[in-house]
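Undergrad: Residue-level listing of the chains:
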Amino acid sequence: MATAAPEKPSPLAREARPGPDGRFGIFGGRYVPETLIVALNELSAAYEEAKNDPAFQAELEAQLKDYVGRPSPLYHADRLSEHYRRPDGSRPEVYLKREDLNHTGAHKINNSLGQALLCKRMGKKRIIAETGAGQHGVATATVCAKAGLECIVYMGEKDMERQALNVFRMRLLGAEVRPVTSGTRTLKDATSEAIRDWVTNVETTHYILGSVAGPHPFPMMVRDFHACIGKETRRQAQEKWGGLPDIMVACVGGGSNAMGLFHEFVEDESVRLIGVEAGGEGINTPKHAATLTLGRPGVLHGSYSLLIQDEEGQVVDPHSISAGLDYPGVGPEHSYLKDIGRAEYYAVTDDEALAAFQLVSKLEGIIPALETSHALAYLDKLCPTVPDGTRIVLNCSGRGDKDVTNAANYLPHLAGGQQL
Amino acid sequence: MVLALSAQAAAAPCCSSRSSAARGSKAAVAIQSLRSQQQQPSRRGLNASRRAAAVRVAAMAASTAQTRSVSGTMAELKAQGKVAFIPFLVACDPDAGTTVKALQKLNELGADVIELGVPYSDPLADGPTIQAAATRALQQGATLDKVLGVVREASATIKAPIVMFTYYNPIMARGLDKFCQQAKEAGASGLLVPDIPLEETAVIREAASKQGLELVLLTTPTTPQERMHRIALSSQGFVYLVSVTGVTGARTSMESRVEGLISQLQEVAEGKAVCVGFGVSGPEQAKQIREWGADGVICGSALVRALGESGSPEEGLQRMGELAASIRAAI
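The listed protein sequences derive, respectively, from chains U and W.
Residue numbers 1 to 420, in my numbering, belong to the letters of the first sequence in order.
Residue numbers 1 to 331, in my numbering, belong to the letters of the second sequence in order.
Just so you know, these hints were derived from the structure itself, not from any lab.
Just so we're clear, the structure is a prediction, and the values are computed from it rather than from any experiment.
Honestly, I wouldn't trust all of these hints.
What the hints assert, rightly or not - Residues from chain U shown here face chain W by an in silico Cβ test under 7 Å; the list is partial:
no.	residue
1	Y31
2	P33
3	E34
4	T35
5	V38
6	N41
7	S192
8	R196
9	V199
10	L294
11	G298
12	V299
13	E312
14	G313
15	V315
Unchecked claim - Stretches of chain U that chain W covers, calculated by requiring three or more beta carbons in the stretch to come under 8 Å of a beta carbon on chain W:
no.	stretch
16	175-188
17	201-208
What the hints assert, rightly or not - If you anchor each label on the Cβ, the simulated ranges turn out as follows:
no.	chain 1	residue 1	chain 2	residue 2	range
18	W	V203	U	S10	42 to 48 Å
19	W	K210	U	K120	45 to 51 Å
20	W	K210	U	G174	51 to 57 Å
21	W	S209	U	T405	55 to 61 Å
22	W	V203	U	I340	18 to 24 Å
23	U	I340	W	Q139	35 to 41 Å
24	U	E344	W	S234	57 to 63 Å
25	U	E203	W	Q211	36 to 42 Å
The beta carbon of each residue, even a glycine, is placed where N, CA and C say it ideally should be.
Looking at chain W on its own, in the form it has when it is part of the complex:
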């Protein structure tokens, strides 16, 4: 493995990414300075370890528009007894500028964490909606650098931490360390790779932790309890419970076994937040998931469709906003 990766890093062309690295380092300086302003109060908050302190930290983070950790955000919400709203969008669909606006809008509407998908040619874990969005984005000329640009622009202006959702091959093509470094510099807080199981996560986790990126892992209805436990222990930020055996895509109802899966996972998650995704299409299901006791609701395809399959970017933003607001209100 090591051999292959280093060989690949050596073979990877660097001309296209040089300019972005330069931009990235400027952004890193800016983030660093923001972080030092932030560190004092956040440490105090931890020491106090009281609910009120957590709320104060949350408010402070909100006002400084700083890159926050996913786990910190989830802990604050838990302390406040709130359920997280985690929307997902495909970056650069319909275009980079609209994605930035959409992320800002989701943030305004109360998204707690945002997953941002990196368009990929062969999205194995995705259903037709997200496949189509990725294809549109790639046809528009989406590249990893453009996606990082979206993260950079959005993260500087929003409170919700961004989790980059990307298939493994684009990470390998960029080089694991370089990818994580650039994602962090752009302002991402976490990483989710849907096509690697626990056994293959060691190398990417190492690269991610070096940068302080949290690696979110998934469990599914077919995951046995013992394995669920190991995944929960390794997952950072939160544990993603896939609600269906299947690919992403809006479905009209939630399988009733999800209720059992939530409590089963919570039993072994040792306090980590459990967020439910795949198939959430609107407020009814979101409410159901909240009632079943989950710590967060993830909604992707329905929002992607609203944003990307409307007549114009403006109309898409409008429709996506309405749906997001209704889900937020339901949880």
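If we strip away everything but chain U, and leave its shape as in the complex, we get:
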């Protein structure tokens, strides 16, 4: 009489990330005002249709190649690897996935491009976005310029100061940058303001959310648009050494570049997945943005995930030297991967990130974004612990040109006309 129960997908399987309810385990979901539900349903349907439409996929692929410049190289960072050589002669082999070489200088354009194409299918002409470091804002302004769409970017006033170059770029690209003056005047409040705009203009507007955060289907859809990072890495690893990477490392603010790299390898359990978040002035101080390390589950910006909050459930102001990581929440899939023990997450401080920013500039001739510098900084802790020849793929998620003015405030000996 016993009938076989329908087989439950493995917690690592794609069908479980997210499940049919838009959740990654207990995380994710849709915690938004009622006004947005119809728009989210429409978006889910449109995305599902586009995903399965070969014409859409072909157009996306063609533009990723010709406009974005994909595939991005997988670069063997020999001098950086050598830096980690140990007294016994052993060393790891560090490879950088060069998302910094994409058009606009970061991974962000993969998602903005995908969503802009989707938006065209949905017939919406007005685009809004939030931005922290300005990379997502620039990427969105770029694809809107290309597609002839109206573009409004919400950006915290504090971030507009520390990422002034990107503000100029967005305006040059024809976008309107709206300063957000509420709360911390950073990414959290910019996101809230973008959601408020969407609630108000939902009938005419598409919201190009820039991270794997927000209500379903955003965490899944944004991840999928970035999944090319991991897919290319698999192919490139196969070509270069005929196998899988041993360890993947990426920085995590909301977590889009990390999910883009990890997604392809979640089911390959031999591959260690490591996310590095912003420890700010230290995780034993109140000034950090180490959501996965110190957060508790809660709801922010439409999804249930780990969150930096106080005992009252009020969201606590985060801190990071990097505007892109200065966010109190994190994408729900990261909370899930942490919860089931599939990925590891660590925090590095502002100072450690600044040191890596300089080290990689000097050793490899690559000026990384301050966000990426967090992932690079973790190599200091990781490399001494891994066996000889361990292949580490680190997502070089963005370039650091945008950060030089801000970094100069911390590195005064490099600024100015005189050699000190």
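Fit chain W to the supplied structure of chain U, relying on the hints for placement.
TA: Okay, now just chain W, sitting in the frame of chain U:
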């Protein structure tokens, strides 16, 4: 979900809330005794099911200053052919004492139900006025316990049932059951959570119903008819019709499509009261909403601004009172 919530409840620090729980239980005893005095006549009123009886019950409830249900209040008003006036304030803006006075004043001026906002750091559904009020309140040191204190003090002295308006995260941080229990003990009658759609309401509804708290749901101009029907069926107390696609905030005129939305919602509300809010700034719009056939008018930002952005608490109370009186008079 269950896993997360219980884990969170276990992790939630209890030291800060212990004293309030003790106070809460005292209040619960007081409410319980009030309720037993009240129950006899109210049951009789129901059995009689006549308009006159409803009026008698209403009068009785008024005299005993008892925690009343939102749905009961709305039913009485409907029976009397009256349109409900539902003001909204942000608790502890400018301070707890002033909020209590303001709630009492609104009650005197004829508020039928009062929505009380719990200040939150990230109020996604609110426009600049209520955001600013919440920020001021938090800067003044507002906590959930202080808000519950306001509810406790006010509910003991006013007739209008209080609906607590709060974002979901503060509820989760306290623990769903504990939050509902403490809200009920403080004398709240209902709960409104603006950042969860119908699909996410099951768990909070269960916690609320255990305490007899009514969970008010919202429909919006983008809600399709079939979904509107499901929301109306699930909503308790009344159905909240959001008049705009947008966040809270006073607007100078009502979109004409609201008239259609009211009748559309009433068609599927199966007799539940339909109250209109978001964007109501003064008596003209309130009158318009009444003429369009709504069962209630909700006014928030304009009152919040009058109370919180005046030179002093006294002046704020004065200005808020004038505005509330003018809206009451218009409906």
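Undergrad: None of the hints should be skipped; say for each whether it holds.
TA: Verification of the supplied hints:
no. : hint                        : in the structure
1   : Y31                         : holds (5 Å)
2   : P33                         : holds (5 Å)
3   : E34                         : holds (5 Å)
4   : T35                         : holds (4 Å)
5   : V38                         : holds (5 Å)
6   : N41                         : violated (9 Å)
7   : S192                        : holds (6 Å)
8   : R196                        : holds (5 Å)
9   : V199                        : holds (6 Å)
10  : L294                        : violated (12 Å)
11  : G298                        : holds (5 Å)
12  : V299                        : holds (5 Å)
13  : E312                        : holds (6 Å)
14  : G313                        : holds (3 Å)
15  : V315                        : holds (5 Å)
16  : 175-188                     : holds (count 3)
17  : 201-208                     : holds (count 3)
18  : V203/W x S10/U: 42 to 48 Å  : violated (27 Å)
19  : K210/W x K120/U: 45 to 51 Å : holds (49 Å)
20  : K210/W x G174/U: 51 to 57 Å : holds (55 Å)
21  : S209/W x T405/U: 55 to 61 Å : holds (56 Å)
22  : V203/W x I340/U: 18 to 24 Å : holds (22 Å)
23  : I340/U x Q139/W: 35 to 41 Å : holds (40 Å)
24  : E344/U x S234/W: 57 to 63 Å : violated (42 Å)
25  : E203/U x Q211/W: 36 to 42 Å : holds (38 Å)
In summary, the structure is inconsistent with hints 6, 10, 18, 24 from the numbered list given earlier, while agreeing with the others.
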